[in-house]
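Please construct the entire structure, taking both the sequences and the accompanying hints into account.
Chains A and B, in that order, give the protein sequences. Using the working numbering, the first residue of the first sequence is number 1, and each one after it goes up by one. Using the working numbering, the first residue of the second sequence is number 1, and each one after it goes up by one.
Since the hints were made in silico from the structure, they are not lab data. The beta carbon of each residue, even a glycine, is placed where N, CA and C say it ideally should be. Hints may be right or wrong, so weigh each one.
Here are the computed distance ranges between Cβ atoms for each label pair [unchecked claim]:
hint, chain 1, residue 1, chain 2, residue 2, range
1, A, N521, B, D14, 30 to 38 Å
2, A, F11, B, Q87, 49 to 57 Å
3, B, A37, A, P445, 54 to 62 Å
4, A, T3, B, A37, 42 to 50 Å
5, B, K214, A, Q528, 31 to 39 Å
6, A, R27, B, Q4, 47 to 55 Å
7, A, R27, B, D14, 31 to 39 Å
8, B, G177, A, G258, 22 to 30 Å
9, B, G132, A, G124, 30 to 38 Å
10, A, R27, B, Q236, 38 to 46 Å
11, A, S536, B, P93, 45 to 53 Å
One-letter residues, chain by chain:
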Amino acid sequence: MTTTRRDIFKFAGGSALGALLTPAPWRLITDTALWSENWPGIPRPARGEIRAKFTHCSLCPAGCAVRARCVGEQPVSLAGVRGGLCPFGVTGHQLPYHPARLRQGPVSEAMAAVADAIAKCGPGERVAVLDLRPGRTASWTARRAMAVLKNGWYIAPVQSPVAVDLTKARTVLSLSAPLLERWGTPANVFAVRDGFRLIQADPVESRTAALADLWLPIRPGSEEALALGLAGQLTSAETAAMTGLSEHQIESVGQTIGFGRLSLVIDRAMSPAVVALNVKLGGWGRTIVPRAEAPVPPEWKKAAPVTDLAAVPDRSIRVLLIDESAPGEYLPWDAIEKKLAAGNPLVVVFAWSANGYGRYAKYVLPTPVYPEATDDIPPAIDSPAPCFRIAAPLLAAPAGVVTPSEFIASLAGLPPADALRERARAIHQGGRGTLVTYADAKSVPVKEVKPDDFWKALNAGGCWVGQALPPANFRAPVGQALPPANPSQGLVVLATPPAPSPASPLFTKLYQESDLLLAPNCIALHPQDAARCGVSAGNRATLETPNGKWSVRILTDSSVRPGVVLAARPEMASASGKVVRV
Amino acid sequence: MNAQKKYGMSIDVDRCTGCGSCMVACAVENNIPPAHAGANDRNGLTWIRVYKVDNGEDYPGKRSAFIPVLCQQCGEHTPCASVCPQQAVDVDPRTGIVGQMPERCLGCRYCMAACPYHARYFNWWDPRWPAGMEKTLNPDVAPRMRGVVEKCNFCHGRWHAAKQKAAAAGKSEIEPGDYVPACVEACPTGAIRFGDLNDPSNDLRHPDSFRLLKKLGTDPKIYYRSKRDWVRNVAQASRPVSSQKEASHG
Ligand code: SF4
Ligand code: SF4
Ligand code: SF4
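Encoded structure:
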């Protein structure tokens, strides 16, 4: 038998076809898949002893208790102790590695420049600290330092003098307060959520409005008018005209929250009009109480008073030190700028990222970020009792960062001291309240704890809880009838609830890989408004407000009130904005 | 011999604020990287995704709800498992969990086409974290390579850890509190609950609950609840999205 060339081809072809029916090619593919799984470019998780550490989240005033899972010293996940954490808290351990993180800054140069500028302050010129998260022990240090400097001023956003007790409320009327979105401590709010009826008066169907028992779509900026109307300081007809609600709706809400019905009225900052309404409803001492602070050493009482930015004379600040190391309330830059002295004022910003006021400052000094920073978190708005809890660091801060309170204290020549420890000592000496420790879920009267053990427990994530003030000491602030805001020219830009910024890069899951959150560079408006502005979903546009211009991407959302633009960045909020297609 | 478990969830849509904690907690736990610059809602990796849905009306009649959707851990006729040519998908008879083995996955994506819940995700890019952030990776879960499919596995690494803990204590059963998926642990509102559906002491399969796309008969192990009729109706649509392509409130 002769073997022809054709036979060879037939054999080769048959073999190739036959091989496909054997496991060999599949094996090859599988092995390739396996090999590629171990591609050298894939990061390998670190190994080590797994342990739990406890701390408090300092990313917002809620100060949630946190259990960190650590591999060796490295936190790899964070969870709540008494309930879940918000997404900022869940991803907080990633912030030290954020691409926008600042690690180096001209610390000694800034120190020399500040000392020089203080020495050259003219008559009537001031050195001021602007603290975006007042009430911390670090805030007390800044106040003490400003008291030492004869022209020192301590400026902070106005804090509500009251706290709320949600456990006592049967009805909560929220005037655009994001109650279910970190307005209070999530664990406290959701633990009692089934115990009260929630009425949300809100210009947009916010997340809180979406889950409220009743949503009242009011005009933007008419929250205070509604409070005054319900307090009887405006007639139903006037209130209806200002809020856009019907008189019947207003009267029906008035009846629901009527006197003595354990009702609580809240707004974003518990303004005087809202406090006065609560008093009128009989809530004083029940659903609202005076906000109590943890004790401080007696010698700290000589601190500079807290001044509201609005009360600072224009063009009076020569040196301004802005502490935004702990995320807090946003104050518009133009309101700050007009307080600066003419002719080269010195602005120094302490921040962990370049996102905030740093762009307006001569020096931006890098600070530790949660969970590297050691800080305390004052009682949250829904904490009727005073408390003292420390955001104990889970990680060492990198060399090159500066702690704002230490920088400010050294300017005033305050002796270097561990202020947190001094305060813990003062609390312990007071002998009141209890120490709560999370690792063993125990609550022990402070009197039974030795001072060193008290300090150790606080640093291991413990919390001191004091006693609420007795009702006899209450003095209610008085609400004033303010004139209603002028009708807006153009679109009203509302910002979503304030959030720590920047957030972990994993937030891209929420606004890039899904549509759950509004991205920082996006605005949402009603489709009719979008059409009126000549834009549609996905377009690029410019948002123009008196505060500035931003390049944004458009999203349309028919749950946004016509006439309103929703933005994720607080600096975009404005009573009159314009959207221009680019 | 261990009693056979059937792990499942109950999700109360009326408690979900759409905060997204579950989504980021899942990414932290399962070493899912932040979005690649080119990623979007069609090709991103979100083992659990919270969809914003609405009643189809306009302001002020519009009402919204948030529905977290993850792998529904289909039971009897697991669509993804039946189409995988590599047997990279299987249903663990001890737990009822539909597992995904990226080591076996060819990246053919048949399973993605078969999954009626859009609960499977393809790795279009190499897994990358910003410099230094890889230190925060969970040591119990291996990052996956570009070119394979992945999905929710009820945090299987946690199940293994709970098993080990039980074994170390000389027990054959794990304590229910020792095995809780990351999304359940993270949810601040308590909207997601988890447990053994075979355990009569929990009410995960409450008679008022419903399952997504029930008509398909895939026997999902995720049970949803809502008192709102329109939410229950939306849950039967093939993809639970809002009536328009829209933003949610941040
Ligand atoms: S609510 Fe505030 S304190 Fe609590 S986890 Fe979130 S950011 Fe942290
Ligand atoms: S939901 Fe999709 S991925 Fe999950 S088991 Fe069912 S078919 Fe498979
Ligand atoms: S964590 Fe809970 S409330 Fe937040 S989106 Fe997920 S399921 Fe909803």
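To see whether the hints hold, each was checked on the structure:
no.	hint	verdict
1	A:N521 <-> B:D14: 30 to 38 Å	holds (32 Å)
2	A:F11 <-> B:Q87: 49 to 57 Å	violated (33 Å)
3	B:A37 <-> A:P445: 54 to 62 Å	holds (55 Å)
4	A:T3 <-> B:A37: 42 to 50 Å	violated (59 Å)
5	B:K214 <-> A:Q528: 31 to 39 Å	holds (37 Å)
6	A:R27 <-> B:Q4: 47 to 55 Å	violated (33 Å)
7	A:R27 <-> B:D14: 31 to 39 Å	violated (51 Å)
8	B:G177 <-> A:G258: 22 to 30 Å	violated (44 Å)
9	B:G132 <-> A:G124: 30 to 38 Å	violated (47 Å)
10	A:R27 <-> B:Q236: 38 to 46 Å	holds (43 Å)
11	A:S536 <-> B:P93: 45 to 53 Å	holds (51 Å)
Checked against the numbered hints given earlier, this structure breaks hints 2, 4, 6, 7, 8 and 9; the rest are met.
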